[in-house]
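All chains, full assembly: derive it from the sequences and hints.
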Amino acid sequence: MTRTVSLTARLLAGGLALLIGTAQATESPPIAPQAAPVSVHADEHGHSSELAQVKGAVDAIVNANLRYMRTHAPGYFERFADKQTPRATVVTCSDSRVQADAFSADAVNELFMVRDIGNQLATAEGSVEYGVRHLHTPLLLIVGHAVCGAVKAASGDYSGIEPAIAKELATINIPKGIDVTDGVLLNVNNQVDAALLKFAGEVESGKLAVIGAFYDFRNDLRQGYGKLVLTNINGETEPARIRDIVKNGRFFQLSEAQP
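Mapped onto mature numbering (1 follows the signal peptide of the UniProt record, and there is no 0), the consecutive letters of the sequence shown carry residue numbers -25 to -1, 1 to 234.
Treat the hints as calculated values from the structure; they're not laboratory data. Worth double-checking, as some hints may not be accurate.
[To be verified] Computed list of lysine to any residue pairs in SDA-like fashion (alpha-carbon distance at most 25 Å, straight line):
{"no.": "1", "residue 1": "Lys182", "residue 2": "Pro138"}
{"no.": "2", "residue 1": "Lys142", "residue 2": "Met44"}
{"no.": "3", "residue 1": "Lys151", "residue 2": "Ile140"}
{"no.": "4", "residue 1": "Lys30", "residue 2": "Ala48"}
{"no.": "5", "residue 1": "Lys58", "residue 2": "Ser23"}
{"no.": "6", "residue 1": "Lys182", "residue 2": "Arg108"}
[Claimed, not checked] Derived DEER-like restraints, expressed as beta-carbon distance ranges:
{"no.": "7", "residue 1": "Asp219", "residue 2": "Gly176", "range": "33 to 39 Å"}
{"no.": "8", "residue 1": "Glu179", "residue 2": "Val122", "range": "32 to 38 Å"}
{"no.": "9", "residue 1": "Ile36", "residue 2": "Gly124", "range": "19 to 25 Å"}
In this text, a Cβ means the ideal position worked out from N, Cα and C, and glycines have one as well.
Right under this line is the structure:
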């Protein structure tokens, strides 16, 4: 646990915050108008109406898709109609607050997305392997996030939870009672280590970089709301060294800490 606390302290002091993808725009993009909130009526027991929620959700999804169709010409889809060519395999938590548009202007045909609770390799191994070894993405990005419910649950007593969920929590190897932010950082490091072991051949031959990151929508690391903070590059976790790797583009260099 001492190691994870020191990791958090280094990140807070280091001020390292980088966005994955294209260069950051000089002006903030316009904010799209938000849809009106769904009207949810209480039933006779005081509970919100599930039917109203479903209706609102379906209406919003259908309308959003219609807008998407209107704003994307056929030529947009023709680029990837017969084959996908993503640049990165991205493993994120299933948490609804973590979405690709937080770090990609357009994830379509750019990011091969893999989602599970706790952004784990073990519970999505086949999907991750497909991205790395069949789609040949040169980047494997593992994204943890602020106040991860899976990490919080894994650090406590989850003996009473449904077996299928417990099975996935069991592979999050963090100490009981650990602070949730430290737990997320440690879990990301563990996932990077597991990926470096599984894909050692690709990494050592300079065909794959494995990067761990923390999506901070609560500003827990004090580097800005919504920042994607790079916390691990091929096993390197020191902020100063990570900055140097990014600056010099040495993404296929293994950390000296790796065996």
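Hint-by-hint comparison with the structure:
1. For the suggested pair Lys182 and Pro138, the alpha carbons sit about 38 Å apart, so the restraint of at most 25 Å is broken.
2. For the proposed pair Lys142 and Met44, the alpha carbon gap of about 40 Å is over 25 Å, so the pair is violated.
3. Distance restraint check for Lys151 and Ile140: the Cα-Cα separation of roughly 17 Å lies within the 25 Å cut-off, and the hinted pair is therefore satisfied.
4. Between Lys30 and Ala48 the alpha-carbon distance is near 29 Å, which puts this suggested pair outside the 25 Å criterion.
5. Restraint check for Lys58 and Ser23: the C-alpha separation of about 44 Å exceeds 25 Å, so the hint is violated.
6. Taking the CA atoms of Lys182 and Arg108, the gap is near 10 Å; set against the 25 Å cutoff, the hint holds.
7. Restraint check, Asp219 to Gly176: a C-beta distance of roughly 26 Å breaks the suggested window 33 to 39 Å.
8. At about 36 Å, the beta-carbon gap between Glu179 and Val122 stays in the expected band of 32 to 38 Å.
9. In this structure the supplied range 19 to 25 Å holds for Ile36 paired with Gly124, their Cβ-Cβ distance being about 24 Å.
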